[in-house]
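From first to last, the protein sequence lines are chains A and B. According to this note's numbering, the first sequence holds residues 1 to 111 in order. According to this note's numbering, the second sequence holds residues 1001 to 1113 in order.
Any given hint might turn out to be false.
[What the hints assert, rightly or not] Some chain B residues well away from chain A (every beta-carbon gap over 10 Å; in silico): (1) S1027; (2) R1041; (3) I1055; (4) R1085; (5) A1102; (6) V1112.
[To be verified] Residues from chain B shown here face chain A by an in silico Cβ test under 10 Å; the list is partial: (7) Q1006; (8) S1031; (9) Y1035; (10) G1042; (11) L1043; (12) S1058; (13) G1059; (14) F1065; (15) A1072; (16) F1074; (17) S1095; (18) E1101; (19) Q1106; (20) R1109.
[Claimed, not checked] Computed Cβ-Cβ distance ranges for the label pairs, DEER-style: (21) A:S108 with B:Q1106: 19 to 27 Å; (22) A:S52 with B:P1008: 37 to 45 Å; (23) B:E1062 with A:K110: 42 to 50 Å; (24) B:N1071 with A:G16: 45 to 53 Å; (25) B:M1015 with A:N66: 45 to 53 Å; (26) B:P1081 with A:S52: 44 to 52 Å; (27) B:E1018 with A:K42: 43 to 51 Å.
None of these hints come from the bench; they were simulated from the model. Note that CB positions come from ideal geometry on N, CA and C, so glycine has one too.
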Amino acid sequence: QKEVEQNSGPLSVPEGAIASLNCTYSDRGSQSFFWYRQYSGKSPELIMSIYSNGDKEDGRFTAQLNKASQYVSLLIRDSQPSDSATYLCAVNLRRQGNLIFGKGTKLSVKP
Amino acid sequence: DAGVIQSPRHEVTEMGQEVTLRCKPISGHNSLFWYRQTMMRGLELLIYFNNNVPIDDSGMPEDRFSAKMPNASFSTLKIQPSEPRDSAVYFCASSLNGNTEAFFGQGTRLTVV
Chain A
1 QKEVEQNSGP LSVPEGAIAS LNCTYSDRGS QSFFWYRQYS GKSPELIMSI YSNGDKEDGR
61 FTAQLNKASQ YVSLLIRDSQ PSDSATYLCA VNLRRQGNLI FGKGTKLSVK P
Chain B
1001 DAGVIQSPRH EVTEMGQEVT LRCKPISGHN SLFWYRQTMM RGLELLIYFN NNVPIDDSGM
1061 PEDRFSAKMP NASFSTLKIQ PSEPRDSAVY FCASSLNGNT EAFFGQGTRL TVV
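Bound-form chain A, shown alone (with noise of 0.2 Å):
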């Protein structure tokens, strides 16, 4: 099992709809959970995190965690054209304190 895992996409919206990006990891004693976004050609960019269960909303975004399911996903509403890009999932593994990303989920949102 890898130990971050994403649907891979592409996922596509129309514009003003809402976009759900998930997101499972293996080490059940992670404790740091984070959602970046990366525009081709440019460096991933922090747009959440989140530290414990529950909801956690930054404007249009909102992070959702689950431990005991071992789960985590970005909710993105009121979805814009300038909101397509790859999405990455990031944990900060128990483990020597090393933060895993997810390959990514392509998000494309239509005029």
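Keeping the supplied structure of chain A fixed, place chain B upon it in accordance with the hints.
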């Protein structure tokens, strides 16, 4: 702060040559990560330093790769000898400690011909 600074931005080299990539982390950050990104394998962690000490280098592909962090403000990733399959984008990232958000440099696009 200028953020994480990597150099060079682009590197084209011939197979067999030595390549050195450089990284200056954000001032005050104690953790530094080197990643390699390819279409096939995604973003792979190569090595992780904490307080200038390598904590986990299990992601380093083979002995041709080496990394150093001689002080808190500088790290290098060296490939010797380079091979065409090393062609990728190499990112450096830093964080306050191993458990907080990591911030990425602009990356070095390496092409080995």
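Structure-based check of all given hints:
no.	hint	result
1	S1027	holds, 18 Å
2	R1041	violated, 8 Å
3	I1055	violated, 5 Å
4	R1085	holds, 19 Å
5	A1102	violated, 6 Å
6	V1112	holds, 19 Å
7	Q1006	holds, 9 Å
8	S1031	holds, 7 Å
9	Y1035	holds, 8 Å
10	G1042	holds, 4 Å
11	L1043	holds, 4 Å
12	S1058	holds, 9 Å
13	G1059	holds, 8 Å
14	F1065	violated, 17 Å
15	A1072	violated, 17 Å
16	F1074	violated, 19 Å
17	S1095	holds, 7 Å
18	E1101	holds, 5 Å
19	Q1106	holds, 6 Å
20	R1109	holds, 9 Å
21	A:S108 with B:Q1106: 19 to 27 Å	holds, 25 Å
22	A:S52 with B:P1008: 37 to 45 Å	holds, 41 Å
23	B:E1062 with A:K110: 42 to 50 Å	holds, 43 Å
24	B:N1071 with A:G16: 45 to 53 Å	holds, 50 Å
25	B:M1015 with A:N66: 45 to 53 Å	holds, 47 Å
26	B:P1081 with A:S52: 44 to 52 Å	holds, 47 Å
27	B:E1018 with A:K42: 43 to 51 Å	violated, 28 Å
The structure fails hints 2, 3, 5, 14, 15, 16, 27 (numbered hints given earlier, in ascending order).
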